[in-house]
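Chains as they are written, first to last, in my numbering: chain A, 1 to 347; chain B, 1 to 347.
Bear in mind the hints are in silico, worked out from the structure with no lab data behind them. Hints should not be assumed to be uniformly reliable.
Copies of one chain are not kept apart here, so a pair can be met inside one copy or by any two copies together.
[To be verified] Here are the simulated lysine to aspartate or glutamate pairs, DMTMM-like style, with alpha carbons at most 25 angstroms apart:
{"id": "1", "residue 1": "199", "residue 2": "109"}
{"id": "2", "residue 1": "199", "residue 2": "111"}
{"id": "3", "residue 1": "224", "residue 2": "26"}
{"id": "4", "residue 1": "239", "residue 2": "84"}
{"id": "5", "residue 1": "198", "residue 2": "109"}
{"id": "6", "residue 1": "224", "residue 2": "109"}
{"id": "7", "residue 1": "199", "residue 2": "285"}
{"id": "8", "residue 1": "196", "residue 2": "285"}
Just so we're clear, the structure is a prediction, and the values are computed from it rather than from any experiment.
2 protein chains.
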Amino acid sequence: MFNRPIPECAENEYKEVAWGIKADGEKFAPVTINRPKVGDFDVKMDMLYCGICHSDVHIAFNQLGGKTMYPCVPGHELVGKVVEVGPKVTKVKVGDHVGCGCIVDSCLDCEVCTQGDEQYCLGGKSVHTYNDRKRYTHIGGNPDTQTFGGYSGSQVIHEHFAIKIPEGMDLKAVGPLLCAGITMYDPLKHWGATNKDKKMTIGIIGIGGLGSMGIKLAKALGHKVVAISTSANKMEMAKEKGADDFVVSKDPESMKAHTSTMDLILNTVSASHQASTYIPLLGVDGTLVQLGLVLEAHAIGVGSLYRTRKTISGSHIGGIASTQECIDLCHKANIYPDVQLVEAKEI
Amino acid sequence: MFNRPIPECAENEYKEVAWGIKADGEKFAPVTINRPKVGDFDVKMDMLYCGICHSDVHIAFNQLGGKTMYPCVPGHELVGKVVEVGPKVTKVKVGDHVGCGCIVDSCLDCEVCTQGDEQYCLGGKSVHTYNDRKRYTHIGGNPDTQTFGGYSGSQVIHEHFAIKIPEGMDLKAVGPLLCAGITMYDPLKHWGATNKDKKMTIGIIGIGGLGSMGIKLAKALGHKVVAISTSANKMEMAKEKGADDFVVSKDPESMKAHTSTMDLILNTVSASHQASTYIPLLGVDGTLVQLGLVLEAHAIGVGSLYRTRKTISGSHIGGIASTQECIDLCHKANIYPDVQLVEAKEI
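For reference, chain A alone in the conformation it holds in the complex (with noise of 0.2 angstroms):
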């Protein structure tokens, strides 16, 4: 951790009520934070809700890796109001409700931000919610203020990071869309589940927020959708997510069962685990995708792997266009995660 003072209120700023860690070893607590005036291409949102989400805690407390800078303001789940827009902003208009992610800019400029991946500019170097500094030329105020999450009253972004809430969507359960949604969407559209012509067998690994998020929006997208978890426990609730099948990783003929079936693995563990356990369930060209960062590293069999072009590649979240395509299937498919509301006071 650091400490990095909030530089004074500068002429383009404006200061705004916040809940988060003034310091080290501190509770949440009232933070007063500067927020950018909005500037030309920009859309200030009123915020009705927040998520809440796990790394939100650990970045909060400074439990991954020291990397916390203070005072810090999580939130990276914003689900606002639109209540001012800059003279050239077209994505969006006053009164509209928006979302923000869990980055607010990139270069825009470089191969991978043209491709949409922006979350990869650059070599992963996209401007966090919160806990960064500004990088790059989208967000206004004084360069020198860090970024503040959502726990606040209000947030200002460039348009191109606002992510629109369809007319109609739960606003109090749009959040967690914003984070495990778009972690499991974007690997699904990446390794080719959201191409029509395609009917894959998609296995996700953990059956918590990302893997039931996953297994609605795989289904949702027309495919067999096989849910994996170490023991049977959660079965029933993998199925009422909508799973068609499920396989217990610790028990071996339920793994041999569906050894070689499966086209994309997701898997969402983060605990402390070894890849190759599923490797087997890969079929010809099946692909196994890391979306937890398990400090660990795995150890891996070329022979596994080459015998029949497996792969094994990792996901971190998801582009501001792949963000709106997940929010805009969320809608028409009606997922949601389950949420639970709390007062700010009450985090």
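Given the coordinates of chain A, work out where chain B should sit on it, guided by the hints.
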């Protein structure tokens, strides 16, 4: 190893002379084998040349995990002249030059075969040109007779598995194109390097037989090619083969200068090593393809993959249509390995 005596020559077979190993511990010596007589779709080739691959030696002397069946006649880089064809053969005619690579049968019916990946038929159960059992219906003769390779006077194969050798090719140097050539060509094709609109930066690790072939093929396909080796010893050789640049993987400065620059890396190293060494060289969406069967597991950190959607995969020889494309490209671009001719008795 195990012994599998050659059955009596059946009515639908003929006897042929070959060079092979009759039993574990013996040396190369003449062996009499049975070949199927020419059936409706078969092509009989008189052997002109047959490449001697490293794996031939390993298998002949039972150095690959005890899977050798004796008598064993190696050879999977066959080059010959067509001397007889079945009445239904349309692909080649008597007098043509043909090649036969690593596989001589597969189901030809599954999704994988249908898409031209016979080498991955039903999870890798294609029939190898030697040291294998007939499993499908496209090899004639006694179904109990094992397969024998090209260290022999003639071979009879189903036309599907015959590769046409264009007129004017240097026949004595074609053999290795059917093994090393396709081993490098198929992953180049699979990961987009035959797409004429794409200009990629392609790394080739290991500058031996496979690596040299990879450099020449990737260059002929119009890409920037970077040779990668543990030391600078092979720099001159790699540049002679066509490499545009060279990375010394044990030199941190050299590695740093090429960080995040490569779209595709083909790793030919089969000695013990850690693939993770090379992951930093990959750019966003880059793929590292393992071609050498390293028995030791590779320790792969998820963070190195998921931050920019990098991928590790493996690839094993290639399909028949792809082998034909490889031969045609080598003909057009005048690509051959360096070869040394030996007589059968010198093996």
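Each hint, compared with the structure:
no., hint, in the structure
1, 199 x 109, "between (35 angstroms within a copy, 19 angstroms between copies)"
2, 199 x 111, "between (30 angstroms within a copy, 13 angstroms between copies)"
3, 224 x 26, "neither (47 angstroms within a copy, 53 angstroms between copies)"
4, 239 x 84, "neither (44 angstroms within a copy, 60 angstroms between copies)"
5, 198 x 109, "between (32 angstroms within a copy, 20 angstroms between copies)"
6, 224 x 109, "between (38 angstroms within a copy, 23 angstroms between copies)"
7, 199 x 285, "both (15 angstroms within a copy, 24 angstroms between copies)"
8, 196 x 285, "both (19 angstroms within a copy, 23 angstroms between copies)"
In the structure shown, a violation is registered for the earlier hints numbered 3, 4, in ascending order.
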